[in-house]
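Sequence lines, in order, name chains A and B.
Using the numbering used here, you'd call the opening residue of the first sequence number 9 and step up by one each time.
Using the numbering used here, you'd call the opening residue of the second sequence number 1060 and step up by one each time.
These are calculated hints, taken from the structure and not from any lab test.
These numbers come from a predicted model, not from an experiment.
Backbone N, C-alpha and C fix where the C-beta goes; we use that ideal spot for every residue, glycine too.
Careful: at least some of the hints might be erroneous.
To give an idea of the chain A side of the interface with chain B (calculated C-beta under 10 Å), a few residues [said to hold, decoys possible]:
{"no.": "1", "residue": "Gly-63"}
{"no.": "2", "residue": "Ala-143"}
{"no.": "3", "residue": "Gly-176"}
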Amino acid sequence: AVVSTQVREAVVSTQSTGYANVRPAKSVPGVITPYSAEGVDCVIMRENTEGEYSGIEHTVVPGVVQSVKLITREASRNVAEYAFQYAKDHGRKNIVALHKANIMKMSDGMFLEQCREVAAKYPEISYREMYLDSACLKIVSDPSKFDVMVMPNLYGDIFSDLTAGLIGGLGLAPSGNMGKDGIAIYEAVHGTADDLVEQNKGNPTALLMSALMMLRHMGLKTHADKIEGAVLETLKERKFVTGDIGGTATNPEYAAEICRKIKG
Amino acid sequence: SRCINAEYGSSGINAEYGVSTAAAPRTKYGGKTTVTLIPGDGVGPELAESVTTIFKEMAVPVEFEMIDLNREQLKDEGAFDYAIKSLKRNGVGLKGVINRSADFRHHNVEFRGNLDVYANVVRCMSFEGIKTHHTGIDLIAIRENTEGEYSCLEHESVPGVVESLKIITREKSMRIAKFAFDYAREHNRKKVTCIHKANIMKQSDGLFKACCKEVSEDYPMIKYEEQIVDNTCQQLVINPQQFDVMVMPNLYGNLVSNLAAGLVGGAGVVPSKSYGENIAVFEPGARHTWMEMKGMYVANPSAMVLSGAFMLKHLQLHEAGDVLIKAVKRVINRGEVRSRDLGGSCTTREMTRAFLAELDAIHSE
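Isolated chain B (complex conformation) (with noise of 0.2 Å):
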């Protein structure tokens, strides 16, 4: 059989996380961890002030390395590069999103390009204090982030006339479903499910479609399907509770992970992990900057506290990371704390406060 782990470069798996965090170096001064912290724009910086004042709140040993990186401080490529740098030093960050600046580069993109961030990981689960169209959802969306739609090579051939290349490639799309299987059978998952639309695009899709079945084959103690993405989005709303874990490739991920974040109660809830071989970043599931609100404080944090919880538990820090998990699912489900998009009008600062009661209240049990 082939040697799969050899050629995709998936060495000393952590049990939990299915990734290589064992070898990833570590920036570590008197045993606290450093980590990239990059607000982004929008409502960005009030989530990031969540993360960080909950941080302090239960000393846990973490320094962030906060890049504040906008709009305006893209305008100097610098600011950029360092990004780049201090990611590619701590191997672990936090991240909010950057609105897109005038200019052509795509910043959100080129970091997942640059990094080579590939898999972007969201777990839907209901909750079960929102109310929602459904419930009983447990999904798990991959989605493969540095080529696809996304490869952002267009030109106009001629006046009136624009085309834009979509790139697939076998060792990518090899990588990913290789990436999904393992973090199937690290998380007990019994089903994948790869995504595509081969039906219409024959080689690109076929060949993702494909690489999974190759992949497949390695791994027949978990059960495999396909299925067209159109149908996907249809069974989503339909029947969302037949869905386990979900390969994809970049574009039908964005639209997948956000659909089935909308199912479980929003942008605000959801968090999301990304992968690469030496590096983890951490940031909501469901990538919006909120412009309009930014500054208000209604946004809700729950979704990059989350993030951060995460973070904390691939830092080794699990007794932390999964006593913030708790809280936050506690004061979700309570449904007393609630901000604007779960139905309430508290603010993110009173939403990070019952955070933090929640954590004393634990702690006191």
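Chain A on its own, in the form it takes in the complex (with noise of 0.2 Å):
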């Protein structure tokens, strides 16, 4: 659903859901970055309920203002079981954890030392941690050498917009939000875009592959690949996609067109 913040903000946390937010990036084709040559295809794991958006914030004298970030170590594991369960199972190698536990030495320094217990449960999973400012100069670079990332709130929220941005935008972006109980929302990491509303001009690709996952995680897999064929090869083709990526079709002419390749 594309929902304000802080209507997002109220189901996450007064459901205790929503603890860990997993946002893919995968080169799409038919739209060209300056990336797509070597191709992205990563996940982030962002975790969702705490870290720098715990809200916290006094004004200690006028002029001065105190921010709380607040890592624990019970969210940093919740985030860190999902991950390595998550790329199990779905065939992912290596899990990177950005951080900046050189600088947050307890508050980073928790988050890893949840990662490394979790990832000593997953021997086939190659686990390693890099700076988040390193991460930023290096995925610019190569983005092909990323595959699942794990980190605290703020810096996922920052870093999956820029993997969002190699393959092209928030308008292809899809998102997770996994929760406890098994209670998972999905959503496009966009804006309400209120300048386009009632004009039929919105790409619903973003939500569209959301539903996508929700797919997958409900068991309907083949459902999922057969619509993302679909879709896919209409982004590729380019005749019928929305203005934000360069074509001239409405929402719904976009979507009849997948509807026609789903038919076949």
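Could you fit the two chains together into a complex? Lean on the hints.
Structural data, given as structure tokens:
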């Protein structure tokens, strides 16, 4: 659902769900970016309940503001567990934890500690750690070297927008919020695009891809694969694509073309 | 209108560098200026060697006070304090990165805090000779370097729960904003973008943003805009040419300057300058020690040498500085002598020799 931040935060926090935000970034055929040649295929696992988004700020004295970043062992453990299990389930081979533990020794240090403990349980998956700034430097030089990445909240937010940019922008970026008790909420990463309301110009790809993630989560892989094939084919042909990626089709026209391809 | 100059101490603005260099004390003996050189850890000593070799060949009137600060030495508290004293005395330094020591002190952060080197400036400009995903980039990332997320104030309030404090003050935010606008004006730049996440961190980044806006009103000839940091990272990989001068708090500055350095060729080619009230420190823009390659002489010395060249210009040795910058750029753009990071296999020393050869060539022109 494309909802405002407040609504999403409320849903996520009150139900104690959405502790891991999954944001895959995969190069899309037909959407050419400077990074299409080497190809991007990475997944970001972002801790989604705490960190810098705890909303705890206070003005100590006028002109001095303190903002609290909260890292707990439990939340770090949850996202690490999810990341490794996801990697195992999806045949991904490498996980790298992104952090700034050189500066934030205790908080990011605790996050890394949990990642290491979980990594020990998955010897088949290679685990390493990288400074967030090094990752930024390296990913824009060669994104093909990045597979699954796990990190606290703020870094995940920033870095996943970076990876969305590598594949062509937020109009194509899906995401899923995983919660305890099996609750999963899938949503496009982009905003509400108020300037495009009721003009049928919005690009539904991000939401559609999110829906496909949901189908896979529900075990409906065959359906998801079929739809995904049709979507990628339509994007590759570029005959019926929306304005944000350089086409002239409306949202319904794009969807109709995908349906045509599904029917065969 | 408010008297910003008096309040934030930017007196005697040097036309080229926007900071008070005229009034700064200089250590000069027999016509030579003494500057502090801290090679640091990892490949730092090899890069420092490039600079000292080149400066010697060029016979620049600069004397290095070399301070060896690495993980081993830092176990002795005195070594670090001595380095600080040296920088305070000399007012100018050239520095590599010090690897985090085993205890909880973070030396690189302490340097900046202790010396109040508050403004880190990284200019990322595309090199014709380096194959990158984007071309035509020329942006300047200005980062507040003494507070924000790097306040190193953390505690475990209950077992398993850690609180890390990010501090934003009006004083330091106004100071960096003023620095950024002054810098933009002195270098004829057209636009300053404030990078923030005030939609989430409403009070802290909100304060930073408000300060930038307030300062922008005193510079009507410079365009001012604001952008949320996640969007900035996205925009940097889609359309980096849109950026001019960017001003931001500590952590975002770290990420953006590394990202931008990656876009133009990497940590090996981007220099940086950092300024405090009476001090200037020059070091590579993306601060990494590359410990695995220590002693192997594979690192690209360009960033360190360019930082050294900017230091020469800061010392008013413009001719020497300019010719060194020209030599380094020519070698990089020609693309014949390339270190590993640029796709070649030349060693640090081979790159240094290439710079020296180019300097000779320029002199005979």
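Hint check, Ala-143/A versus chain B [nearest Cβ-Cβ separation less than 10 Å]
Since chain B brings a Cβ to about 8 Å from Ala-143/A, closer than 10 Å, the hint holds.
Holds or violated: is there a CB of chain B closer than 10 Å to the CB of Gly-63/A?
holds, 8 Å
Checking hints one by one. Is Gly-176/A an interface residue toward chain B, by the C-beta closer than 10 Å rule?
OK, holds: Gly-176/A within 10 Å of chain B, min 8 Å.
Going down the numbered hints, you'll see the structure goes against none, and every one checks out.
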